[in-house]
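Given chain A's structure and the hints, the job is docking chain B onto it.
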Amino acid sequence: MSEQLATLKSRWAEQPEVVRRYALPAGAIVLAVLYPFYVDLLPGFPVTSIAVVMLVFTMMALGLNIVVGYAGLLDLGYVAFYAAGAYIAAWLASLHFEDISFHFGAVGVADDAPGIHISVWLVLIIAGLFTTVVGILIGLPTLRLRGDYLAIVTLGFGEIIPQFVRNADEAGIGFDLTHGTFGINPIDSIGFGETLGAVGLPDVYRTSSSRAELFYWTALALLLFTVFCSIRLRDSRLGRAWIAIREDETAAAAMGVPLMRTKTWSYAMGAFFGGIAGAFYAVYKSGAFPADFYFQFSVFLLCMVILGGMGSVWGVIVGALILSWLDRAGLAELGKEFGDLVGREIDVPKYAFGIYGGIIVVMMLVRPTGLIPESRHKIEMEEGVHDTPLYDVQHEGPGTGRIRGDG
Amino acid sequence: MADDLLVAERVRKEFGGLVATNDIDFAIPRGSIVALIGPNGAGKTTFFNMLTGVYTPTSGRILFDGEEIAGKPPHAIVERGIGRTFQNIRLFQQMTAMENVLVGMHSRLSAGIVGSILGLPRVKREESGANERARELLVYCGLPKRHEHLAGSLPYGDQRRLEVARALATDPKLLLLDEPTAGMNPQETADFTSFVRRIRDEKDLTVLLIEHDMKVVMGVSERITVLEYGEKIAEGTPAEIRANERVIEAYLGRGAAA
Numbered sequence: 001m002s003e004q005l006a007t008l009k010s011r012w013a014e015q016p017e018v019v020r021r022y023a024l025p026a027g028a029i030v031l032a033v034l035y036p037f038y039v040d041l042l043p044g045f046p047v048t049s050i051a052v053v054m055l056v057f058t059m060m061a062l063g064l065n066i067v068v069g070y071a072g073l074l075d076l077g078y079v080a081f082y083a084a085g086a087y088i089a090a091w092l093a094s095l096h097f098e099d100i101s102f103h104f105g106a107v108g109v110a111d112d113a114p115g116i117h118i119s120v121w122l123v124l125i126i127a128g129l130f131t132t133v134v135g136i137l138i139g140l141p142t143l144r145l146r147g148d149y150l151a152i153v154t155l156g157f158g159e160i161i162p163q164f165v166r167n168a169d170e171a172g173i174g175f176d177l178t179h180g181t182f183g184i185n186p187i188d189s190i191g192f193g194e195t196l197g198a199v200g201l202p203d204v205y206r207t208s209s210s211r212a213e214l215f216y217w218t219a220l221a222l223l224l225f226t227v228f229c230s231i232r233l234r235d236s237r238l239g240r241a242w243i244a245i246r247e248d249e250t251a252a253a254a255m256g257v258p259l260m261r262t263k264t265w266s267y268a269m270g271a272f273f274g275g276i277a278g279a280f281y282a283v284y285k286s287g288a289f290p291a292d293f294y295f296q297f298s299v300f301l302l303c304m305v306i307l308g309g310m311g312s313v314w315g316v317i318v319g320a321l322i323l324s325w326l327d328r329a330g331l332a333e334l335g336k337e338f339g340d341l342v343g344r345e346i347d348v349p350k351y352a353f354g355i356y357g358g359i360i361v362v363m364m365l366v367r368p369t370g371l372i373p374e375s376r377h378k379i380e381m382e383e384g385v386h387d388t389p390l391y392d393v394q395h396e397g398p399g400t401g402r403i404r405g406d407g
Numbered sequence: 001m002a003d004d005l006l007v008a009e010r011v012r013k014e015f016g017g018l019v020a021t022n023d024i025d026f027a028i029p030r031g032s033i034v035a036l037i038g039p040n041g042a043g044k045t046t047f048f049n050m051l052t053g054v055y056t057p058t059s060g061r062i063l064f065d066g067e068e069i070a071g072k073p074p075h076a077i078v079e080r081g082i083g084r085t086f087q088n089i090r091l092f093q094q095m096t097a098m099e100n101v102l103v104g105m106h107s108r109l110s111a112g113i114v115g116s117i118l119g120l121p122r123v124k125r126e127e128s129g130a131n132e133r134a135r136e137l138l139v140y141c142g143l144p145k146r147h148e149h150l151a152g153s154l155p156y157g158d159q160r161r162l163e164v165a166r167a168l169a170t171d172p173k174l175l176l177l178d179e180p181t182a183g184m185n186p187q188e189t190a191d192f193t194s195f196v197r198r199i200r201d202e203k204d205l206t207v208l209l210i211e212h213d214m215k216v217v218m219g220v221s222e223r224i225t226v227l228e229y230g231e232k233i234a235e236g237t238p239a240e241i242r243a244n245e246r247v248i249e250a251y252l253g254r255g256a257a258a
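Protein sequence lines correspond, in order, to chains A and B.
Numbering-wise (the working numbering), the first sequence opens with residue 1 and increments by one.
Numbering-wise (the working numbering), the second sequence opens with residue 1 and increments by one.
Read the hints as simulated data drawn from the structure, not as lab findings.
Fair warning: there could be bad hints in the mix.
[As the list claims (entries may be wrong)] Covered stretches of chain A, going by a simulated chain B footprint (3 or more residues, C-beta under 8 Å):
(1) 224-234
(2) 250-263
[What the hints assert, rightly or not] Counterexamples of contact, computed for chain B against chain A with all Cβ distances above 12 Å:
(3) Pro121
(4) Glu136
(5) Arg197
(6) Arg198
(7) Glu235
(8) Thr237
In this text, all values refer to a predicted model and were calculated from it rather than measured experimentally.
Where a beta carbon is used, it is the ideal one built from N, C-alpha and C, also for glycine.
The shape of chain A in the complex, shown without the other chains (with noise of 0.2 Å):
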């Protein structure tokens, strides 16, 4: 057995590098696209509507680990974005101002309906942008602080935006801006309009009765350019600027790393991706609702980014996957069989938040760097770190038999 496996080794090692870089992600991104064909004969994987939540979340998630695990900033206020893409949208796409009306492109929509329609594939990039200039308005006064006091003050904006989304109505500001706690809905559709669906494209996804996979398929694409960017951010300039702030703030600045235009880009486009995902995640529920913009969720997306490996985009997305599949749907799955098991109904979900804590302790414990570490610690595990021998082992160790001066 290991023999053969030595064998498959060899035989990955021979092949030429491009096939060894892309046949893993090539092969992964085939299965993806394929997934709402052969979804109903696994059991146990969740349906593709489900699928779609755990794509946007994973979005999300990877959006937050440029902040988090690349440039080392401490944000719990994430979710701050999330509800800035949603409101774009809710804004953008609905009935709400209804004193307006304005089309633009917009899809399954009446000529003469009040509001504003945009086109949705237009307002997923109006939300990018506005959540990258939310960013950098939040990152400019904030990311002065290091360490502990900038993850206080992304808490407050955290806590800031929701509370400010479920108090802006008639009430609270004079003007009905979100509805308040009622939220907005419904949120126009995604699709690609009458003259292309001529030729083939859905016209309108909520109407369509592959209504799932369109979304899914939309996501998925949105998530792999997510991924696209994280990785070529990663090993350009400004990635390697971020992680030198992670390392030692002090010594970037002094290598010519400007502290604050570098720490606002993390956050700006950290902010980008989570609009972007908030606004796609909008649409699909066809609402905003001021409940989604809990603390708790930033928290959630800091898990992901935790379980998977801060900084490892791999590692991010098996995170995310695995525990907005446990919110979703595996934990109410898994309750009802240890229910069943011991006899007794359990609602397993109500103590979701008690066992995501419980799996970070256990990961802390047992695998600190996550489940798909970041590379360089990859590296670190094998070569070890820091460890350098004291001076007369190092220089006149047996084995050596000669001062290391000389060579």
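Showing chain B alone in chain A's frame:
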């Protein structure tokens, strides 16, 4: 003087009631190797930190290449051409040796977010050029291999060399070395001293070092400035400093000078 790369005029730094540096005048001639020495607590590191933008002087001016730099943020000072190493090594431990040097080049590269995501040809060219230069710098600084190893896993002497490589990557006109030979054995120290001289000659640099090891200071520097309790007590060539009574007093006590 026209050929001074750096001129500090009456630079003063107070921490509350403590005067860390008291109206110090200081000049570094272009192309020279200058040392700043003094007993512990003399204000050497405070002075260093003002040159690199970590602290803003309470009063006084610092002119670099004729331009006021006092109070500018560290990255802006790096851009103008001052590179530094740290007394207690501050490498990016979790980054490879290559990446450390590449971070040093940050201010000399220009790739932005969009260009990096799209992988524009301009960005790719810049990256491969930077990689090549980083490799050359590592070899130049005596690190011919292990470029892909994490900085934290390198032996102590190599970490010191990597710090110099990283500082050189910022493309400085003035290189500040903060106790570069601390913790080195005599052989390594001798190697390093000749290396500093070599960098100055080949890279056309000016070097300012803080150092405790008198052998290094006397051996490598052309001018020495001595600080004590935040005051400049002497300045001159190594021979002058060696004969200066106040310096001997500061280092060895009053009895020794008599």
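We went through each hint and held it up to the structure:
Note: the segment 224-234 of chain A has 4 residues with beta-carbon separation from chain B under 8 Å; the three-residue rule is met and the coverage holds. With 10 residues carrying a beta carbon less than 8 Å from a beta carbon of chain B, the segment 250-263 of chain A meets the three-residue requirement, and the given coverage holds. With a least beta-carbon separation of about 14 Å from chain A, Pro121 of chain B lies farther than 12 Å from that chain, consistent with its non-interface assignment. Listed as a non-interface residue, Glu136 of chain B keeps its Cβ farther than 12 Å from every Cβ of chain A; the least gap is roughly 18 Å.
Remark: the non-interface label on Arg197 of chain B is consistent with the geometry, its nearest Cβ contact in chain A lying 18 Å away (cut-off 12 Å). Even its closest Cβ contact with chain A, about 17 Å, leaves Arg198 of chain B beyond 12 Å, as expected for a residue assigned away from the interface. The beta carbon of Glu235 of chain B is kept farther than 12 Å from every beta carbon of chain A, the shortest such distance being approximately 26 Å. For Thr237 of chain B, the condition that its CB be more than 12 Å from all CB atoms of chain A holds, with the nearest at approximately 30 Å.
When the structure is compared with the earlier hints, no violation turns up for any of them.
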